[in-house]
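Peer 1: So you can see what is in the structure, the chains are spelled out below.
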Amino acid sequence: MKKVLIYYDQKQHKNSIELLAVARMIYGDDSTGKEGIEDYETYGASFGSIGEEAEGLFDFLIEVGNDSAQHGKRAKVFNHEQGPKTLNHEYGKDHLPVYDALYMTSVLDELQQEYRFDCILFPATHMGRMLAPRLAMRLQTGLVADVTDIRHKDGVMEIVRPAFSGKLMAGILSRTAPLMMSVRQNVFFYEPDSLGETRRINHTPKTVCTGEIRLLEVREKEASKDIRDSDVLISGGGGVMKDFKKLSELASELNALVSASRKTVDNGIAPRSIQVGQSGKTVSPKLYMALGINGSIQHIEGLKNVEYMISVNTNKNAPICSISDIVVEGDAKEFITKLTEKIRKEKQI
Amino acid sequence: MKIICLIKFVPDVENFKYDYERNVLVRENVRMILNPDDACSVALALKVKEQQPGTVIEVVTMAPQSIIPQLEDLLRLNVDRAVLISDKVYVGSDTYVTGRILGRYLSEASFDCILAGTHTLDGDTSHVPSQVAELLGLSQMSNVVEIDEAVFCRERAVVLADEEFTYAKYEITLPAVISLRKDRKYKLPYIRYEDLSRDVKDRIRIIDNEELGFVQEEVGIVGSLTQISSTFVKSMEKKERLIVRNDEEGMNQVYSFLMERGFV
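Note that the protein sequences, when read in sequence, are chains A and B. According to our numbering, the first sequence is numbered sequentially starting from 1. According to our numbering, the second sequence is numbered sequentially starting from 1.
Bear in mind the hints are in silico, worked out from the structure with no lab data behind them. Quick reminder that beta carbons are idealized off the backbone N, C-alpha and C, glycines included. Fair warning: there could be bad hints in the mix.
Unchecked claim - Heads up, incomplete: computed chain A residues facing chain B, CB under 8 Å, no partners named:
#  : residue
1  : 99
2  : 100
3  : 125
4  : 126
5  : 136
6  : 142
7  : 145
8  : 175
9  : 176
10 : 218
11 : 308
12 : 324
13 : 334
14 : 342
Turn these sequences into a full structure, and let the hints guide you.
Peer 2: Here's what the structure looks like:
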């Protein structure tokens, strides 16, 4: 029986749960070219307790709890407007320093020594990307970053990841145990065959946090809506840079969110939080409207399972146009105005 | 205080050409540039040195010796020293091995803070700064977009990290490894005209494996724990597509497309 540990990032439930699909591709799915499937069990490990989201999906959930007497330090946040307040969610949950990678690595190492996992997976989140390399070095094992696919061929597993900002894909062999990977967010989707029974295990760490990193303040980002959650994205690139604000008019008519290409972000026109592509976010909307976007490989790398695509471009041979359902050959700014008007007019009828 | 900037020179991927006929990426003759996130770390160190004149900046990189002219340019920008770790036996090292090689040099070096970049244009694994920190037993923080220069000292740093949904401010006890993420606040200055051809060779130290003393089987391709087995360019699937114009007929077609699929 193989044992798979999945680091459960409390801030990104979905991205943690989707790693169950990766575990299945590694051990339990012969459609990936694997010869014969292996039995495996999944362990989710989180710092603090895990809610209902993961119930029935993992075989085991290891909740790293904390004996506050042992650690004593209660994570506090200093908000300049409201004064100090104790964090009650995400940060410092159960008084754990969930931003101290050195401490967290030692706790994950404790788990590895106790359970001897064959495979350890991390979502490539802010924290996952800091923890995975540390733990790999601690365990003296190889690590593959930002994995986007798993392939089996002739009994050998090849782990696929992008390189050169997504312009090239590389197949990697990992030669050591445990097998370790960080996995690109929103690339895999997990559909459970059926819900099972999840056993919860409480783990009290032996490691004592030395408190070398102290959290002073947390501030939510302004763009609270996540482009990854939207069914429709109106995406703007170099061709609409001068009129980027107009995108939101069309977006509001289609109940959509506005996203952007790297060019607009690098020019300071759009915030990085709405950037689609290799260096931005991977999105899977039902409808993606690419306005004035050329569609470099890095941009297209950020589009996964898009159902319908409409692109507007003065050059009908731009790379994005070859993967579109409808190509509007023309000026994207003009298109925005015309389509917005058309939708408004139709609504009045 | 002494700041070490861990830097990497990477191919300028923006200028890769794509050969559509052969379905390959043309990587030959692409120039090497200082990785943008790492350039931010050097720019920040230079800013600190301006405000705290006693600051010593050392850049450390693992690269072939052909990179020396680029290191010289950094030295002409008021960087004090450059350390080039270079040996034929290191070629092909994965991040685990690279972390160990850099870690061995750094474990003997003196510093108050190590600055690095979070992302790179080439491999972009973000492994090396974390792995170096692990080897040295130090704290590490990624995605840092700002270091408060006013309170940056030998004992501590106050940093702002961009963590996807939130910005978090931390106070970190030094020494530690801080990985920056590209931000417009930190930009490398230009070399002053009178410094353009200044001889700075004596401030470059080249370290090879004789000095670091790895057994050959521990480094390079043979010592790596992961190995590249294939590379390929993602083929795009072509769709049956409809090409329309920005006129009334075009708008009607787009509109009916949206209506038939329930978007309006």
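Peer 1: A separate judgement is required for each hint: does it hold in the structure or not?
Peer 2: Status of each hint after checking the structure:
The criterion of a C-beta within 8 Å of any C-beta in chain B is met by residue 99 of chain A, whose closest approach is roughly 7 Å, and the hint holds. With 8 Å as the threshold, the beta carbon of residue 100 of chain A comes within range of chain B, its nearest partner Cβ sitting at about 7 Å, so the hint holds. Annotation: residue 125 of chain A was flagged as interfacial toward chain B, and the flag holds, the nearest CB pair being 7 Å apart, inside 8 Å. About 5 Å separates the beta-carbon of residue 126 of chain A from the nearest beta-carbon of chain B, less than 8 Å, and the hint is met.
This hint holds: residue 136 of chain A has a C-beta 7 Å from the nearest C-beta of chain B, less than the 8 Å allowed. Hint on residue 142 of chain A holds. Least Cβ distance to chain B is approximately 3 Å, under the 8 Å limit. Interface restraint check: residue 145 of chain A against chain B, minimum CB-CB distance 4 Å, threshold 8 Å, status holds. Annotation: residue 175 of chain A was flagged as interfacial toward chain B, and the flag holds, the nearest CB pair being 6 Å apart, inside 8 Å.
The interface hint given for residue 176 of chain A holds, since its Cβ lies 5 Å from the closest Cβ of chain B, which is under the 8 Å cut-off. About 5 Å separates the beta-carbon of residue 218 of chain A from the nearest beta-carbon of chain B, less than 8 Å, and the hint is met. At its closest, the beta carbon of residue 308 of chain A sits 6 Å from a beta carbon of chain B; the interface hint therefore holds under the 8 Å criterion. For residue 324 of chain A, the shortest C-beta to C-beta distance to chain B is roughly 6 Å, which falls under 8 Å, so the interface hint holds.
A least Cβ separation of about 5 Å between residue 334 of chain A and chain B falls short of the 8 Å threshold, and the interface hint therefore holds. The beta carbon of residue 342 of chain A comes within 5 Å of a beta carbon in chain B, closer than 8 Å, and the hint placing it at the interface holds.
Comparing the model with each earlier hint shows no violations; every hint is respected.
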